[in-house]
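Line by line, the protein sequences are chains A and B.
For the first sequence, position 174 matches number 174 in UniProt numbering, and the numbering has no gaps at all.
For the second sequence, position 285 matches number 285 in UniProt numbering, and the numbering has no gaps at all.
For the record, the hints were derived by calculation from the structure and aren't laboratory data.
None of the hints are false.
Any copy, or any two copies together, can satisfy a pair, since identical chains are not distinguished.
No more than 20 angstroms apart at the CA atoms, straight line, and that leaves these computed lysine to aspartate or glutamate pairs for DMTMM-like:
#	residue 1	residue 2
1	112	280
2	30	313
3	253	198
4	111	278
5	112	278
What you are looking at is a predicted structure, and each value in this text was computed from that prediction instead of being measured.
Number of protein chains: 2
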Amino acid sequence: MGDAALPREHLLIAFFEPLPPGMEEDIKAKFPNVDTSTVILPGGADVPTDAIQHATILVTFTNLPRPEDAHKPRNRATTSSGIHGPPIAEWTLMNWLISSRKFISTYENQKKHHWGGITSYMHGMHDQVGKTVGILGYGSIGRQIGRAASALGMRVHAFTASPRLTPDSRRDRGYIVPGTGDADGAIPASWHHGTDRESVRAFLNLGLDHLVVSLPLTPQTTHLLGEEEFRILSDAVSPQRPRPFVTNIARGKVLDQDALIAALTTGVLGGAALDVADPEPLPADHPLWEAPNCHISPHVSSLGKEYFPRSFDVLKENLGRMERGEELVNEYKRGKAY
Amino acid sequence: MGDAALPREHLLIAFFEPLPPGMEEDIKAKFPNVDTSTVILPGGADVPTDAIQHATILVTFTNLPRPEDAHKPRNRATTSSGIHGPPIAEWTLMNWLISSRKFISTYENQKKHHWGGITSYMHGMHDQVGKTVGILGYGSIGRQIGRAASALGMRVHAFTASPRLTPDSRRDRGYIVPGTGDADGAIPASWHHGTDRESVRAFLNLGLDHLVVSLPLTPQTTHLLGEEEFRILSDAVSPQRPRPFVTNIARGKVLDQDALIAALTTGVLGGAALDVADPEPLPADHPLWEAPNCHISPHVSSLGKEYFPRSFDVLKENLGRMERGEELVNEYKRGKAY
Numbered sequence: 001m002g003d004a005a006l007p008r009e010h011l012l013i014a015f016f017e018p019l020p021p022g023m024e025e026d027i028k029a030k031f032p033n034v035d036t037s038t039v040i041l042p043g044g045a046d047v048p049t050d051a052i053q054h055a056t057i058l059v060t061f062t063n064l065p066r067p068e069d070a071h072k073p074r075n076r077a078t079t080s081s082g083i084h085g086p087p088i089a090e091w092t093l094m095n096w097l098i099s100s101r102k103f104i105s106t107y108e109n110q111k112k113h114h115w116g117g118i119t120s121y122m123h124g125m126h127d128q129v130g131k132t133v134g135i136l137g138y139g140s141i142g143r144q145i146g147r148a149a150s151a152l153g154m155r156v157h158a159f160t161a162s163p164r165l166t167p168d169s170r171r172d173r174g175y176i177v178p179g180t181g182d183a184d185g186a187i188p189a190s191w192h193h194g195t196d197r198e199s200v201r202a203f204l205n206l207g208l209d210h211l212v213v214s215l216p217l218t219p220q221t222t223h224l225l226g227e228e229e230f231r232i233l234s235d236a237v238s239p240q241r242p243r244p245f246v247t248n249i250a251r252g253k254v255l256d257q258d259a260l261i262a263a264l265t266t267g268v269l270g271g272a273a274l275d276v277a278d279p280e281p282l283p284a285d286h287p288l289w290e291a292p293n294c295h296i297s298p299h300v301s302s303l304g305k306e307y308f309p310r311s312f313d314v315l316k317e318n319l320g321r322m323e324r325g326e327e328l329v330n331e332y333k334r335g336k337a338y
Numbered sequence: 001m002g003d004a005a006l007p008r009e010h011l012l013i014a015f016f017e018p019l020p021p022g023m024e025e026d027i028k029a030k031f032p033n034v035d036t037s038t039v040i041l042p043g044g045a046d047v048p049t050d051a052i053q054h055a056t057i058l059v060t061f062t063n064l065p066r067p068e069d070a071h072k073p074r075n076r077a078t079t080s081s082g083i084h085g086p087p088i089a090e091w092t093l094m095n096w097l098i099s100s101r102k103f104i105s106t107y108e109n110q111k112k113h114h115w116g117g118i119t120s121y122m123h124g125m126h127d128q129v130g131k132t133v134g135i136l137g138y139g140s141i142g143r144q145i146g147r148a149a150s151a152l153g154m155r156v157h158a159f160t161a162s163p164r165l166t167p168d169s170r171r172d173r174g175y176i177v178p179g180t181g182d183a184d185g186a187i188p189a190s191w192h193h194g195t196d197r198e199s200v201r202a203f204l205n206l207g208l209d210h211l212v213v214s215l216p217l218t219p220q221t222t223h224l225l226g227e228e229e230f231r232i233l234s235d236a237v238s239p240q241r242p243r244p245f246v247t248n249i250a251r252g253k254v255l256d257q258d259a260l261i262a263a264l265t266t267g268v269l270g271g272a273a274l275d276v277a278d279p280e281p282l283p284a285d286h287p288l289w290e291a292p293n294c295h296i297s298p299h300v301s302s303l304g305k306e307y308f309p310r311s312f313d314v315l316k317e318n319l320g321r322m323e324r325g326e327e328l329v330n331e332y333k334r335g336k337a338y
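Make the full structure from the sequences, and use the hints.
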């Protein structure tokens, strides 16, 4: 009906390999006013001028236009924020449970074909019911962690940079993978905020069994957590409970890594799961590899076969919003901290 | 007020080591009309006649009265059903995620101090959003698995022996660890039932990414799942999805274990998590140890430091109900199947 009035869009997709089968066809079928073309480029390479010449929308993962072409695609950028919640939450939960349920013992026993005795498991294991998790950076990832943690019977405490004092301010306005997250911000038992170290220390003093670090790396968040912060975190938890477990899904430099190693070694902390390190890749002779009860993965917690299809879900959502003249989801705004 | 009318109860606790500190005092404080005494016995030993002489309630884990003393404690027995939900659900989730997020790769790389590349993770991993789980035996354990699975964005299908056609029949009437489970049976997208093989096969044909086996071992459930059932399970799932993953938290003999090994080896199944085996302990030369993507643990999924405190929570709940003249929770009824 009103279709005739819609401007024709030219969507250019810059990708590092041929698109998964059906993806381009899916966009063409759903959005008949959108022409699509794909350019396959090595990671980080410039998008060639001739490819971007007629594009009104650019979808890109690691490739950027040359500076002189940057004005060419429609001057609105959106991010894939929101698609990382499920995989990173699952990675987080997995690491908590590997630690609390002694999986390494059963795995190493299985390799030796050794059944193992019950008594060593009776006292060494514990579960997450009634435990508390503090999520430093309650964005889309933190919300899915909160959702899963709550289902395990845990209490969730949220920390954000800006105050979230009203129900409306607690809503998640970005893209949410259907069936996940905490759209209304209804899960946390309490909300905390601030951008200074004292606010963070007050949060760490709540008595948290788990601390999840999900903050962007900024000058203020660099080495935000060090010896004193780990001590506060640990001292606030009853001696009858396991020592706190720290999960870092942000960037390696948000922690003072030497202080983390010391806290794990001395038992101030009970364990850590790190998807990030300082530096990356972590050198083979780095002591972090051998820190006690510390699981390290190579910055892969967000990955999986759903990564690109979900990015295209965000694109399709926005193509639909453009057609209907609505505000885009995940529109990139400069200068926003966590 | 009415306390004077209450009969004085004599609670005997048979345990294999001194009770955790505070547990007996807690009962005395909460239930002033209950006298308590404890007898420490080796696992499986008879409860001595002199210890049980004046008991009206016996709390026991592995010790039973001599047959001639069996009439002595108040003739009502309750079980610890319900307390196993959280640890077994956490064990289940842990195994799913270890498999879907390639933890073994990162763990073995960490032991070698090797960071590892991103590309191997990009296509090998997947998450649980939109996946389906069929829970064969939707009791207290299955309900907590359902709750956690739902929080990950999964669809839950429930199977029970008897029909659960009304909302009231779907309620969990047993003990529920606070903050967990599915008291109202509100989580499943669909309910199925039956006691014959055909009903089970119809359930396996739903297109399940995960099958959780949580049935008691009975003559009817022995080798309920074999070659044909694994084939049905696999054929019902789109070839674009990972092959189904089987979790057995029931008893080893519910599966035809040779058929399971074959299904894992040929890729009919994508993986398995087994807390039980046939026989237990599994002999060192058994081929199950080396079945592909199969995690084995030695019947420990229910264990943890919460095990005995939660058993005492059920006891305290029931002491309160006795005081108030109410029906007990988890009262043992003979002849009830799953």
